[in-house]
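Participant: Now for the letters of each chain:
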Amino acid sequence: MTAQPRMPAWLDPSPWLDGRGATPADVERALGCDAPGPRELAALLSPAARPFMEEMAQRARALTQRHFGRTISMYAPLYLANFCTNGCAYCGFASDRVQPRRRLEPPEVEEELAALKETGFEEVLLLTGERTPHAGFDYLLECVSLAARMFHAVGVEAFPMTTREYALLAEAGCSGVTLYQETYDPRQYDRLHRWGPKKDYLDRLDGPARAMEAGIRTVGLGVLLGLSDPVFDAVCLLRHAAHLQRDHWKSGITLSFPRLRPQSGNFSATFPVDEAGLARLVFAVRIVLPDVPLLLSTRERPEFRDGMAGLGISKMSAGSRTSVGGYGEADPATEGQFEVGDKRSVPDFCAMLRNRGLEPVFKNWDSVFRDAAGAGHG
Amino acid sequence: MGTGKFQDAETMVGAVRASGAQIVTVALRRVGRNPREDDMLGSLGELKGITLMPNTSGARNASEAIRAARLGRELCGSPFVKVEIHPNPHHLMPDPIETFEAATVLAAEGFVVMPYMPADPVLAKRLEDVGCASLMPLGSAIGSGRGLATAEMLRLILRDARIPVIVDAGLRSPSEAAAALEMGCDAVLVNSAVAASGDPIAMAAAFARAVGAGRDAHRAGLMPQGGGAALATSPLTAFLSVEGA
Chain A
1 MTAQPRMPAW LDPSPWLDGR GATPADVERA LGCDAPGPRE LAALLSPAAR PFMEEMAQRA
61 RALTQRHFGR TISMYAPLYL ANFCTNGCAY CGFASDRVQP RRRLEPPEVE EELAALKETG
121 FEEVLLLTGE RTPHAGFDYL LECVSLAARM FHAVGVEAFP MTTREYALLA EAGCSGVTLY
181 QETYDPRQYD RLHRWGPKKD YLDRLDGPAR AMEAGIRTVG LGVLLGLSDP VFDAVCLLRH
241 AAHLQRDHWK SGITLSFPRL RPQSGNFSAT FPVDEAGLAR LVFAVRIVLP DVPLLLSTRE
301 RPEFRDGMAG LGISKMSAGS RTSVGGYGEA DPATEGQFEV GDKRSVPDFC AMLRNRGLEP
361 VFKNWDSVFR DAAGAGHG
Chain B
1001 MGTGKFQDAE TMVGAVRASG AQIVTVALRR VGRNPREDDM LGSLGELKGI TLMPNTSGAR
1061 NASEAIRAAR LGRELCGSPF VKVEIHPNPH HLMPDPIETF EAATVLAAEG FVVMPYMPAD
1121 PVLAKRLEDV GCASLMPLGS AIGSGRGLAT AEMLRLILRD ARIPVIVDAG LRSPSEAAAA
1181 LEMGCDAVLV NSAVAASGDP IAMAAAFARA VGAGRDAHRA GLMPQGGGAA LATSPLTAFL
1241 SVEGA
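Line by line, the protein sequences are chains A and B.
Counting from 1, one number per residue, gives the positions in the first sequence under the working numbering.
Counting from 1001, one number per residue, gives the positions in the second sequence under the working numbering.
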């Protein structure tokens, strides 16, 4: 058994967690603060802030409109492989889950990309599990190259890599890397990651910094809500983002708020977050980080997604398939990583956005920017 | 007018018309090479008699902006380019060094270069010297709605500029646009202030009236403000005439 990881001083949220005992006056102060930070975030997530939900929502919407206008950026995930060597207690792809395993071969990847492109997307997020002999770095690099020929923006959500590997991904046309810490609580992290490379807390924590150092333009951070105390995790998330912004000022940060969904393995959330809790978290983070894109995936049910669009949330996926081969195959051979909550088609989802006075934006990036660096395929 | 951030193309076109804008800027990152519903070029095609100015928003350095400008010229058929280089994707403040470098190259290539720039009077003259067609200093940070926070620097830019000065970014209300024109600026560029308002088309029309009023006021000449002291009712220099008599 590995020793429990120590939390770096720059991440430690404990000085601000006193905010959990915040008073209504503290919440009002947080709402009126010119430069809110971890203390204000903790106050906005405290029980004292519950009566301020509407005020927080109004503020979140105003800030979202100010920075992102009446638009929602659209992206789609594409699952490349579901092989995994990790023992994450909460994941449907964990190595002890019995389900068919496969990876898409490059011609199949092209078919999936083509099927996705048909639906109008220009930004794709490629996902794999842990680094395995079946789906390692070279495989991922090849898939990024294929995707960069067809899509303007290509992101990767996979295992942590070395700086050199991230640089090679960037050269191949990868503009975004998503790497969730899952939970920043070292004790919970150690308990939930039963075996495998992912058990290395600090290696994962430093992954986003390596990606930024390597020239990846945007790094997505997040925690899996349900695994640990959400206030602890939220303050850590904010501190992690601030730390990265100080060291890597040319890179962008996006934040996601995935909640634990039913998946094979029947893991139950230790710290369940209900919809009101998730909404309050999004509002609070928007107030504290007004210019950071906040994402919401299809994990959530349609009515919730409809309500949150533009209310803090500025970027959304739609029509997602979480199984390997989910777009091109009528009946994929594998199960999805999690249960999709919003199964609406892309046109239906876009019609909803328009009805709410929001414009779905599929192209919000041009490959010319990556090609200018002398790399990529355009 | 900027063209991003609107809820739909119809509102965007309506707002541009209502604003009376002569130049609209469009982000290359929003332009599709294949026509699509959210492609900006298709909607902007409805606007006749308006100059289209691609911008390089998204570029982090000069080489990215130069490449984007060349592609923008191909796609939009316009020699105008708003050079916009903001390496920090969050506050979107312009990079003065990379902006100068890109402007130098693009002006030499024959582009009509209009750089989004910090409100820096020295940089303004440097950009003018390399052949920019106008200067586009920010009023305050993009999307901040803080108005003319850079007013003192804008006055220095205006005092020395030989090319048009257009306040870009940070404006929230028509009165701020009027103030910029009263000050002597030649135009303003707005997007969020219109697109994120309650009624974008009505707000665009309000900006149009404010810009007109500000321009008229500048031409008419504001009353002198002096140092803030009121004129004394008894002349302070009456004694001078005694000696001269």
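Quick caveat, the hints were computed from the structure, so don't treat them as lab data.
Be a bit skeptical, because a hint or two may be false.
[What the hints assert, rightly or not] Some chain A residues close to chain B (C-beta under 10 Å, calculated; not the full set): (1) Arg70; (2) Gly252; (3) Met352; (4) Arg354; (5) Arg356; (6) Gly357.
In this text, all values refer to a predicted model and were calculated from it rather than measured experimentally.
Even glycine gets a Cβ: it sits at the ideal position worked out from N, Cα and C.
Participant: Now tell me if each hint is right for this structure.
Facilitator: Structure-based check of each hint:
1. For A/Arg70, the interface hint holds, since its Cβ comes within 10 Å of a Cβ in chain B; the closest pair sits about 4 Å apart.
2. For A/Gly252, the interface hint holds, the least distance from its beta-carbon to any beta-carbon of chain B being 4 Å, beneath 10 Å.
3. A cut of 10 Å between beta carbons decides the hint on A/Met352: the least distance to chain B is about 13 Å, and the hint is violated.
4. At its closest, the beta carbon of A/Arg354 sits 6 Å from a beta carbon of chain B; the interface hint therefore holds under the 10 Å criterion.
5. Hint on A/Arg356 holds. Least Cβ distance to chain B is approximately 9 Å, under the 10 Å limit.
6. Restraint check, A/Gly357 versus chain B: the minimum CB separation of about 5 Å is within 10 Å; hint holds.
Violated hint for the displayed structure: number 3, the only one.
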